[in-house]
Amino acid sequence: MQKSKRVTRRQFLKSSVGTAAAFTIVPRRVLGGPGNTPPSETFGGALIGCGGRGNGTFNGLGPNVEKLAICDVKFVKHADNKKVYTDFRRVLERKDIDVVAIATHPGWHALISIAAMEAGKDVLCEKPMTRFIAEGRAVADAEKRYNRIFQIGTYGRFGRSRNQGDILTHKIMKSGLLKDCKGVHIKRGGLKVREWSGMVNVKPQPIPDTLDWDMYCGPAPLRPYHPHRFGGTHRGYWDYEGGGLADMGQHHFDPVQWTFAKDDTSPVEIESFAPPAHPEACGMWGWVELKYADGLTFVMDSTEWPENQKPSYTRKESRGVSLSDLSEEDQKKIKEMPDPEPLVGFGDAIRTRKQAGGHAAAAHRCATILHLANISIRMGRKIQYDPVKEEIVGDEEANRLVNQPMRAPWHL
Amino acid sequence: MSESPSALVGLVNRMPDPDRRGMYCTDIDKEKIEGAIRKILRGGRENIIGVIDMLVEPGKGDDVKAHYALHCMALHVCKLKNDRPRRRFSRTLASQIGGDRPKEVQKYLIRQLQVAGGKEVVEALGRVLVDKELCEPAAQALAAIGEGAAEQLREALPIVSGKCRLTILQNLGVVRDTKSVGALKKAVGDEDEAFRIAAVWALANIGDVSSATMLLRAADHADGWERIQATKACLLLAEKLRSAGKKSEAVRIYKHLRETRTKPAERYVSDAAKTGLAIDD
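Chains as they are written, first to last, in the numbering used here: chain A, -11 to 400; chain B, 891 to 1171.
Keep in mind that the hints were calculated from the coordinates and are not lab data. Even glycine gets a Cβ: it sits at the ideal position worked out from N, Cα and C.
Some, not all, of what chain B presents toward chain A, calculated at C-beta under 8 Å:
hint: 1; residue: P908
hint: 2; residue: E924
hint: 3; residue: G949
hint: 4; residue: A1006
hint: 5; residue: A1033
hint: 6; residue: K1122
Okay, chain B solo, but in the shape it has when bound (with noise of 0.2 Å):
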């Protein structure tokens, strides 16, 4: 059963005080932390609610202790053997993203759902990866989060640009999302030098045979710090198809790095590449 707010309110203000630096050092009192949380989650949604109203934009005004209990509930429910309070809980934030609350205070709440949020928020957080303030953390936490992220991430691909473009090509290579081999090869192509890195470096780590050719040659001919870059994903392609067991593959693009990279300067690369070659023989 929910409590009034007032009844709301005090066990929030249960939450410490911050000392006079502002830190959580003197007055921390474990016991009566966690009780308040498990009074606050037994009151269910209402009382999630009522603790995420109490949240404002940094800097206009004091919201400490409903801050601090919002991240404690999202560790409580965690702990609990039954997943029934997690799964509310984190339905209840996920339900409060995307309106009009504060940007910042949404933030917040993804950033709890990257602590305590499962596939059941998964689509809500998808939904949020075309707003601009919101795509990082969400694209975050949905990387943390894992099952079911790589099918909102590719959805928003087509229709996101700038920074949220960056932030999905680099996590559908971090969720290795085998779907996206076509559209992160495109960016591969693309004028800007950021798409193309994080495009090399996520077909390297979802381990794409059919990429070998596409990276080697990005890597030839890129310089600076992109040639760095698209010449590690060469060589972590590589791994990744030996241990998939595409051995020939690996071989090849060994052999490439080794024979090209034969000026003083690039000679390392050519000496990892034979360290690979042996591993193989």
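Bound conformation, chain A alone (with noise of 0.2 Å):
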């Protein structure tokens, strides 16, 4: 494999002892000084999954990555294995790549997060972070195994977590008092139900010549080739992702999550109103009910139910939570309390090692909501989670959707 001949931040690490008194004439980027970045915070990068989100979550490692590599499942014509690649697994071997942004279909962002930390790899992943529960666990169990960084690719918790109404409600739920939470965050729309469906009426297509289709469906069922399970529109089918609910529902619920401190535990009762889910096309669904332990309630309400068979959502209100939730003795500590550390971005965590804002653990327990939410739409049931064990409670056919088997040679 031809490396780089660039000077990358490892190398730079390894070298500069042993090289130290020894004269050489090096390039001015490698010296750092005005205008120029020193190695020691230059980082090789990679992009895998080229596809509409690609350059977009590559640029958000941000200034200081040189994109050494670029990795798609449709590059089978003029892959070179040097800069080009259909195999991520190559990209990972390589040495000179210190930092990997993900963006290929959900149904691999698990397995190729992973990887990467396996690796030695900081990774910036594309939302949805998962497609089961299950993965995001085995990625927050990744990223503390190998104390790397990981940073889910959406961004709203940041502005939350600069703003003094969401600190407040983010302290007062932190800090427990709050016993019954009568809470509830209602999110309207704007979960794209018809815009990211799957076809039901698919017809097998020839592969294209260009597209690597079994690598492409990876962990998921290999199934015959259709161009809609391609491309953006891979959204409506559960095989890579959990439609407009899951493609959407991290942008929307991530920040949420944050503002009221529950990125450490998940909701215990989920309920719904859909119609029978279909077994690989995502479809319609009415609405959404996720109650926590403490009472705080997040609703989704698609919005897109047909009028004329209803209902939207109408079982609750919006609510906020605020001091005057608190007795005055609750409040007054509260108000004591020291704010929380600002989050760190992902190009400070990977030069100071300190865990990104939005690191795997959170943005898995994001994930989990979106999860549970198409479980109990797929499972046709209202559903009782365990959050620490991380199980469905008392439902064995609802499980098998929180752990799904994956096909050779992928796994957990």
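If you follow the hints, you should be able to join the two separate chains into one complex; please do so.
So this is what it looks like as structure tokens:
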């Protein structure tokens, strides 16, 4: 495998001690100085998944990352295994790559994130984080095991963490002083149900000779090829994602999860209104209600349920959380609480090795909200969830969607 | 009582038509769907087979409504407090795999068993593990069902090859079959890298203490992707052993990795091992 001739952060750290005394002429950017980034802050990067969100996700790595490799299953015709790849494993073997941006379909997000961290890379992963709940826990475990940086590709929580109103709510909820929370957050619309549904009548078509279809399917069942399963419309199939709910949900609920200080837990009761789900294609649903152990309730109202067959969500009304929900004594305790630490952006995190604001454990809890909603929709019933064991309580069949078998050689 | 063929067709036809984009987004009548499914299931085995008879290979006809109806039936039997309808449904589906139906239809039946099947269908699933086209979905259904799966996978391992062998090696790890440790250890020495990687992960996930030296050796001598994966298996095994109270073996693995992964490119592994050791302190 040809290696880049640039001096990466790792190579610099490796060689700088041994060669410090040797006289040599080095490029200005290796030394740093005004207008030049020193190698200790220059990173080798790779983009895995070069579809619609590819470049945007890669740019999220920050300005000091050099794109050394791109990888996509559609590069069969022009992959050279030097700069252009179809197999992410060959990319992760490279020692000159420090950070990886992942923008494949979400059925690959967890496996590539985990593999990247196992290879010592830091990860910026496009949302939604995962395809099912157990994947998220495995990513968080890998982040912890290898002490890598992981950031999910949604950033709304960073703004929330600077907003005084959100900070106050965060402190109230974090304090644990509110025992019977009456808060209700309703997300009406914006979950693109129709836009990101799947087709139920797809007919197999020839696989394009530019595409490694087996690798595209990856851990999911190897289905006959159809173009609607590929590209942006992959969002409508359970094999790769979870409809508009999963696709947009992480944007909507990740900031809210931070505000309500739920980064380390999950809802315990989930109820939905939906027709029986199709086995492969995501489709229409009405609403989902998710209640936490302390009473806080999140609601998703699709607002797309056909009007002649109602209902839109009417069971509860939006209600915030405020100091007045607490006794005077507890209000005083909240006012004395320090503000939360500012969230660390990805660029700072990879330099300082501090946990990123959208780290894997938090992103996993947000993805869990979406997966629980979809499990209730798909199973057609109310479910109870144990946020510690991360299992659905007393429902063996529903648990089969919490941890789904994968096609070999892929596994968590 | 089962429906006449035309009545059954009528019930299946109560499933929604795809909208103009081919989706289930409009004209979805939840009550109508659920009512028809209840009636179909009331007809028992004959009705279930009647719906299965309507399934065709993808692209060989229109089975959109039957395809959806069968899945709705799988979901419905899982909702009932009485387990007998679920068992009857899954046994009926299991009786239709391994025969002459098109392979894509059989795969679909197996995927519905992954939804609704229980221990009553593991033998039927085990029988198709030797079928190159059905092995993958059958192994996944077995892994999802859990109870009774290990025996089926274990018995199939010696008689399968290629992708089926890889699938079964991996799933023996998924179901954590301690009785397969010997066979998995043999696979660690296989000529095929994919088999070796699957085997070391399976042994680690099982948490087999006797595999520690073998896994460390495999990781030490491998390159590239295999080295990354074998090293991960070592760390996973150490965690499993620590959780099982076998601290000294876990410490041995961590110390080995701490002392051998000292080059800059692998220092993160050494650091991970140090973190693991610190937890034990």
